[in-house]
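**Student:** Now for the letters of each chain:
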Amino acid sequence: MGLIALGVVYLGGVWLEGVGSTLPSKVFPRTPLYFLQVAALFPHAAVNVIDYRAEAWMCRAHRWAELDTRAYFPLDPDDKENRFQRVMHFFREDRPTMRALDDYIVTQHAAGGRADGIDDGETLGGIRGLSLRLPLPASGAPLVRMQRKPLAEYPQTERKNFYHTPQSKLKERCGYKTVPVAPETEEPQ
Amino acid sequence: MSSSRLWDWIHEPLPVIRLEILRVAAPLAILGFMSGRLRHADEWIGDHGFHVPDLGGDWRQPLYIAPLPANLAWALAFVMVASGLACAAGVKTRASGLVFAATLVFVALADRLAAFTVTKMSPAVMLAIALGPSGTRLGFDAWRKRHAPGKRAKRLRPSASLRFLQLLPIFIYSASGIAKARGDWLKMPLVLWTQLHDTYQTTFSFALASLLPVWSWTLMQGLVLAFEMGAPLWFGWARTRTWAFVFGVGMHAMIGLMFGPVVWFALLMAALLVGGWAPEAWLAPVERLAERMESREETVEEESE
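Chains H and F, in that order, are what the protein sequence lines are.
FYI, the numbering for the first sequence is 12 to 200, going by this note's numbering.
FYI, the numbering for the second sequence is 29 to 333, going by this note's numbering.
Hint data in this document are derived by calculation from the structure and do not stem from the laboratory.
Remember, it's a predicted structure, so these values are computed and weren't measured experimentally.
Careful: at least some of the hints might be erroneous.
[Unchecked claim] Covered stretches of chain F (in silico footprint by chain H; criterion: 3 or more residues with CB under 8 Å from a CB of chain H, positions within the stretch not fixed):
id, segment
1, 71-77
2, 83-91
3, 134-143
4, 146-160
5, 201-208
6, 215-222
7, 230-240
Heads up, the beta-carbon is just placed ideally off N, CA and C, and yes, glycines get one too.
Using the sequences plus the hints, can you model the full thing?
**Tutor:** Written as structure tokens, this is what we have:
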């Protein structure tokens, strides 16, 4: 009888949560509520194709370069279920998480041994996190197969930066007194 | 439906073979989903990978669990695989199902980043499978029991677990359909089409998107919405049930083919439909297999006597 009641509560919770009722969030603590969030699948149209990327500041070269985060986030490397994509999706506005991500990437690169697109001997001062917001094709127009291209091939209008390592941290990691400006790229701020 | 009729419906004897199908298919679909994660257990739930710090009650973090030491992460991965396979093979079915469900709860909470619908719904699915009469007709436990003295396994048994597993996809479809209707699905004709261009894209979805006229995506969008919103009616009414079953399985086949990693979710949902709603006549080959194994073993026992 108790298990039947539990089943009824679970199914009711899944349904109410799925249709957008606020009742489950008022009744259930966060942990059980999380297990009810399974039904609101793809309710909205996609506006853009979104892909999250990172750049790293190379201390000696004095410039930003694209860093292939898949080296440090090997689960589902080529789709939006990749954990780096998920960190950015959920936590890009959350400073503690982004700082932790910044530290993780810089430390992992320093440890060496993974192909992230930047020479192992190069010290990283910090990272810049951004999203690519690629336009959808016009309906009826010939389609192009989705593929990952280097960041440099996307125009600035399709990029949106939302995190960069604080200047103080960058100076500390690179041993700079002042942060140099790379002539061919943006400042690291 | 009055409460006594509902009670009778819950306790109506059902073919145990339905639960056996789910007991085999669901853990395999879940393990398929987990396989990419399990290969990197030390990075996924262990301290070799990135983990979101303790955000102290943030809504995006249902519970903070510190990453495990790498050895423990691998041990947990082993327990997950072993218990999932044991349940699918019907070895110590209840115990292995419960252990598998417990590992699924842990990983769902330990890593929000790699948690999706399958991660969140699979503990409930496995709990229901473990608590029902699973493993009594097919699998290792059933084989062992047939060699022990006692009654032969029943073909039909009341099972609230199976009722739960039948209702779960219907509740998900219904809620999902309403969420879609409240979202963009009634306002925009090409919602489905807009989902075909990102990193979920497969060769199949690209080919379909290139070949089919744009209006066909609007038609499919309408059919999916009508199916999901009307799921309680389509599955509740005997006349439409088989068609609903066929449409549902077809829809999940398309989802699996068109949206890359979503294939495991599609397989799990298809398993719930087959185990829960396939017409009984269509389950006859599995039923005959169980009966043949039971009678063969009885014959072998008689001959040896």
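**Student:** Does each hint hold? Answer for all of them.
**Tutor:** Results of checking the hints against the structure:
1. 71-77: It holds, with 3 qualifying residues against the three required.
2. 83-91: holds (count 7)
3. 134-143: holds (count 6)
4. 146-160: Contact hint for the segment 146-160 of chain F vs chain H: holds, 6 residues under 8 Å.
5. 201-208: holds (count 6)
6. 215-222: holds (count 5)
7. 230-240: holds (count 3)
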